[in-house]
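Novice: Spelled out, the chains give:
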Amino acid sequence: MSKKNIIIYSLILVFGLGAPFLFPAYKLQISILWILTILALTWDIQGGQMGYNSFGNILFFGVGMYVCSSVQIGMFFPLSEWTASGGEKTFLHTTSQYFQGFTYGLIFAGIVPAIVAALIGYGILGLRGHYFAICTLGIGIAAGEIAGGIELIGAGQGMTVPPWPKGIGGTELRSQFFYYLCFLTVCVTFFVIRLIYQTRFGLVINAIRDNEDKAEAMGIHTMRYKIIGWVVSAFFLGIAGGLMGNMIGYIEPTEIAFAGSTYGVFMVLMAILGGKGTLWGPVIGAAVFHVFKEGFWTFFLGWQYVALGALIIVIVIFFPEGILGWFREKYPENFGEVVDEVDRTAQVELT
Amino acid sequence: MDGILLGVLFALVAYGMALQWGVMNIINIAQGELVIMGGYIAYFMYTAGIPPAFGVIVSPIIMYFIGWSLYKTIINRVVERDMFISILATFGISILTQQLMNFVFGADVVVAQSNFGTTMLFDYSVTLPNAKIFSALVSIVFAVALVLYMKKSKLGRAIRATSQNQRAAKILGVDTEKVYAATFGINAALCGVAGSLIAITFTLHPYIGLPYTVRSFMIVIIAGLGNLPAVALSGIGLGVFEEFADYILGTEFRIAAVFLLLVVILVYRRFKLSRKREYLK
Chain U
1 MSKKNIIIYS
11 LILVFGLGAP
21 FLFPAYKLQI
31 SILWILTILA
41 LTWDIQGGQM
51 GYNSFGNILF
61 FGVGMYVCSS
71 VQIGMFFPLS
81 EWTASGGEKT
91 FLHTTSQYFQ
101 GFTYGLIFAG
111 IVPAIVAALI
121 GYGILGLRGH
131 YFAICTLGIG
141 IAAGEIAGGI
151 ELIGAGQGMT
161 VPPWPKGIGG
171 TELRSQFFYY
181 LCFLTVCVTF
191 FVIRLIYQTR
201 FGLVINAIRD
211 NEDKAEAMGI
221 HTMRYKIIGW
231 VVSAFFLGIA
241 GGLMGNMIGY
251 IEPTEIAFAG
261 STYGVFMVLM
271 AILGGKGTLW
281 GPVIGAAVFH
291 VFKEGFWTFF
301 LGWQYVALGA
311 LIIVIVIFFP
321 EGILGWFREK
331 YPENFGEVVD
341 EVDRTAQVEL
351 T
Chain Z
1 MDGILLGVLF
11 ALVAYGMALQ
21 WGVMNIINIA
31 QGELVIMGGY
41 IAYFMYTAGI
51 PPAFGVIVSP
61 IIMYFIGWSL
71 YKTIINRVVE
81 RDMFISILAT
91 FGISILTQQL
101 MNFVFGADVV
111 VAQSNFGTTM
121 LFDYSVTLPN
131 AKIFSALVSI
141 VFAVALVLYM
151 KKSKLGRAIR
161 ATSQNQRAAK
171 ILGVDTEKVY
181 AATFGINAAL
191 CGVAGSLIAI
201 TFTLHPYIGL
211 PYTVRSFMIV
221 IIAGLGNLPA
231 VALSGIGLGV
241 FEEFADYILG
251 TEFRIAAVFL
261 LLVVILVYRR
271 FKLSRKREYL
281 K
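Those protein sequences? They're chains U and Z, same order as listed. Numbering-wise (the working numbering), the first sequence opens with residue 1 and increments by one. Numbering-wise (the working numbering), the second sequence opens with residue 1 and increments by one.
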């Protein structure tokens with residue numbers, strides 16, 4: 001790890017740890033920024049590194065969200081009665097019950113989507129190019145529609161997650177708790193992804209992106225790697241979903257959990273905006289995009305989706321390479337320092 | 001019976017999608033939004049007091065120009081690029097137009113009354129609204145007219161030449177830029193026809209565009225590009241399937257059934273091809 005890298009990492013760490021005290025009013029916004037970063041990072045495993053442009057990764061986000069809160073509730077109370085009571089809150093978790101349920105919930109929120117990804121992966125990852133894109137788009141939307149039809153998890157009305165226990169401090173503590181949890185998750189995600197890009201796995205999925213037939217001819221079981229990549233994405237997405245659901249406190253099938261037209265598109269946009277196929281691209285893209293988005297939501301209230309649609313078109317037409325891609329073209333000699341070592345050595349080898 | 005009449009409509013939209021996919025190599029996610037937009041033109045005429053059935057003539061003309069200007073502003077920048085870029089760009093158009101329609105026409109479900117009455121068949125055992133028969137007939141007329149146009153006219157031949165080999169067509173003096181614009185316009189016009197028919201037979205809502213896109217995509221991947229009888233057949237098949245899904249699973253799962261059918265078809269075709277070590281491309 002070079003000196004510059006250490007400076008960057010420690011700056012981010014200081015910002016991440018100190019943000020709730022520096023900007024107490026924006027705590028929720030910064031937590032959502034970390035969640036968005038996870039979304040962009042995990043999307044980039046498929047879209048950027050593997051060359052499989054998925055529109056349906058939101059599926060795992062939503063599944064994680066529903067699984068997490070179902071486990072949290074179902075461990076102690078009958079789930080159907082909880083959803084039937086709606087916002088009445090007739091059941092209350094004690095402090096220990098809450099944290100116990102939350103821990104198990106998050107674990108399951110990671111594992112269940114990963115299993116789902118492994119199960120559907122074999123069928124779907126055999127599709128290529130735009131067929132894959134449209135197929136995943138279909139899955140994401142179908143999941144939302146199905147979740148909206150199941151009574152047990154609240155159907156179209158959605159469900160509430162367990163409220164923060166009363167015994168241990170108020171909303172201030174709650175938001176800080178979720179903030180640090182989000183930050184921890186994004187750090188773990190980042191370093192796990194960084195690690196797997198540095199191993200043989202990273203090289204293999206890049207080979208799949210560049211020429212899948214050739215990779216297969218070289219004796220690589222491409223399908224196995226593709227599925228593993230998707231499982232890794234799904235695991236972290238599921239945990240992010242579980243966190244998001246608890247942070248918002250309310251789950252709704254098509255607008256929050258399987259929000260194809262918001263988070264489902266955001267993750268693609270963020271990765272492209274930052275520069276897909278790089279480690280830092282999605283992180284930068286998420287930060288820039290989040291600032292933009294909040295600006296839109298504040299200044300163009302009511303018109304935000306129009307602005308969003310226009311933004312998509314502008315990004316896609318004028319910045320298909322993203323911010324990092326632009327820098328790479330402009331300052332190729334500095335670029336090796338910005339990205340991780342693997343990318344740099346790969347570039348040096350190429351030239 | 002409803003399913004068949006519905007399927008003819010789907011086939012019309014799907015034919016437009018197959019056209020631009022074949023010619024321009026673009027998958028238009030905004031296809032469904034163009035349909036809904038065409039429908040709102042008919043609805044607008046209805047609120048202005050003109051019988052909405054005339055929308056079948058007016059809305060394709062307006063939609064042709066909307067499609068043409070969309071091409072000139074946005075699509076011509078992405079048509080030569082990677083297909084994923086064009087998917088994303090049209091997705092952006094889709095979100096944009098959805099919201100604009102939401103602002104202009106409101107988020108309510110609307111329907112344009114055509115006052116066509118109903119027909120009873122087989123001693124009142126089957127009731128058919130005349131509007132649906134009308135829409136099926138109009139779709140067939142437009143489809144046949146389009147096929148003839150593509151076969152006989154100069155522009156039609158230019159479009160077919162471009163879809164076979166874009167570079168060769170360019171060398172032989174076809175203005176491909178113009179052909180692309182015309183193709184996109186014709187596609188939008190077809191969507192306009194379908195939309196105005198939907199306005200009189202079904203309901204309109206700014207956010208129901210995407211299922212139409214998915215349906216037409218599905219029909220195209222089953223039927224192949226530019227094979228009109230197959231497009232019509234699979235369109236009808238899809239319409240019948242939807243009615244059954246509606247009946248068996250319940251209305252709340254109707255959209256989900258459509259999307260899941262798409263996934264199932266794609267995965268089925270993938271497994272069939274992978275036996276020969278090929279893949280969908």
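Misleading hints may appear alongside valid ones.
Per label pair, the in silico range of CB-to-CB distance [as the list claims (entries may be wrong)]:
{"hint": "1", "chain 1": "Z", "residue 1": "N102", "chain 2": "U", "residue 2": "M223", "range": "38 to 46 Å"}
{"hint": "2", "chain 1": "U", "residue 1": "H221", "chain 2": "Z", "residue 2": "M83", "range": "20 to 28 Å"}
{"hint": "3", "chain 1": "U", "residue 1": "T95", "chain 2": "Z", "residue 2": "V109", "range": "40 to 48 Å"}
{"hint": "4", "chain 1": "Z", "residue 1": "Y149", "chain 2": "U", "residue 2": "F318", "range": "35 to 43 Å"}
{"hint": "5", "chain 1": "Z", "residue 1": "A230", "chain 2": "U", "residue 2": "Y122", "range": "43 to 51 Å"}
{"hint": "6", "chain 1": "U", "residue 1": "L203", "chain 2": "Z", "residue 2": "N76", "range": "51 to 59 Å"}
{"hint": "7", "chain 1": "U", "residue 1": "F15", "chain 2": "Z", "residue 2": "L155", "range": "54 to 62 Å"}
{"hint": "8", "chain 1": "Z", "residue 1": "L233", "chain 2": "U", "residue 2": "T103", "range": "29 to 37 Å"}
By construction, these hints were calculated from the structure, which means they are not laboratory data. Owing to the predicted nature of the structure, the values given are computational and were not obtained by experimental measurement. By construction, the Cβ of each residue, glycine as well, lies at the ideal position given by its N, Cα and C atoms.
Novice: Are the hints correct? Go through all of them and say.
Specialist: Hints, one by one, checked against the model:
1. At roughly 42 Å, the beta-carbon separation of N102 of chain Z and M223 of chain U lies within the given 38 to 46 Å, and the hint holds.
2. Evaluation of the 20 to 28 Å hint for H221 of chain U and M83 of chain Z yields a pass: the beta carbon distance comes to about 27 Å.
3. Taken as a hint, the range 40 to 48 Å holds for the pair T95 of chain U and V109 of chain Z, whose Cβ atoms sit roughly 46 Å apart.
4. The hinted range of 35 to 43 Å is satisfied by Y149 of chain Z and F318 of chain U, whose Cβ atoms lie roughly 36 Å apart.
5. Our hint of 43 to 51 Å for A230 of chain Z and Y122 of chain U is violated, since their Cβ atoms are close to 29 Å apart.
6. Checked against the given bound of 51 to 59 Å, the beta carbons of L203 of chain U and N76 of chain Z, roughly 38 Å apart, lie outside it.
7. Between F15 of chain U and L155 of chain Z the C-beta distance comes to about 59 Å, which sits within the given range of 54 to 62 Å.
8. Checking the proposed 29 to 37 Å range against L233 of chain Z and T103 of chain U shows it is violated: the Cβ atoms sit about 55 Å from each other.
Figure legend: structure checked against the earlier numbered hints; hints not met, in rising order: 5, 6, 8.
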